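J.: Following the numbering used here, the numbering of the sequence shown begins with 17 at its first residue and continues without gaps.
Possibly wrong hints are sitting among the right ones.
Unchecked claim - Mimicking BS3-like on lysine-lysine, the simulated pairs with C-alpha atoms at most 27 Å apart in a straight line are: (1) Lys-73 / Lys-97; (2) Lys-30 / Lys-97; (3) Lys-97 / Lys-70; (4) Lys-30 / Lys-70.
Honestly, the hints are just simulated from the structure, not real lab data.
Remember, it's a predicted structure, so these values are computed and weren't measured experimentally.
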Amino acid sequence: MIFVTINNILIQVKRNITVIQACSTLNVEIPRFCFHNKLLIAGNCRMCLVEIEKIPKPVASCAIPVSSGIRVFTETPLVRKARESVIEFLLLNHPLDCPICDQGGECDLQEQSFLFGSDKSRFFFKNKRS
């Protein structure tokens, strides 16, 4: 067992887990699309970005193992802006006509965009790839 600080709260966690798993033990909600406890780590959705002390850029919390004394921040302005940018990029070519979607109102992307995205886009073109 090792000690980790998440959002200025010191907790004790198992040694061989990732940052996102350590955050879930503290009931800290981190958005994700590709992470699942029983699957291999992909780290390609980039939604689970967190800030770690002494690391200059946000990192994918699903791909970083915890280490003793690590300090993790999940709600800083840098993290919020990074998540907002990831959602904006994911929605770039996503169809905006949700009623025709196969998800039928249960779209994880739509829920994440409401929670972590922006209400405006920087892209103003009509033709989207499908």
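J.: Hints first: check each against the structure and report whether it holds.
T.: For each hint, the structure was consulted:
Our distance criterion of 27 Å between C-alpha atoms is met by Lys-73 and Lys-97, whose separation comes to about 12 Å. For the proposed pair Lys-30 and Lys-97, the alpha carbon gap of about 30 Å is over 27 Å, so the pair is violated. For a cut-off of 27 Å, the pair hint linking Lys-97 to Lys-70 stands: about 19 Å separates their Cα positions. Annotation: proposed proximity of Lys-30 to Lys-70 holds, straight-line Cα distance about 22 Å (limit 27 Å).
In summary, the structure is inconsistent with hint 2 from the numbered list given earlier, while agreeing with all the others.
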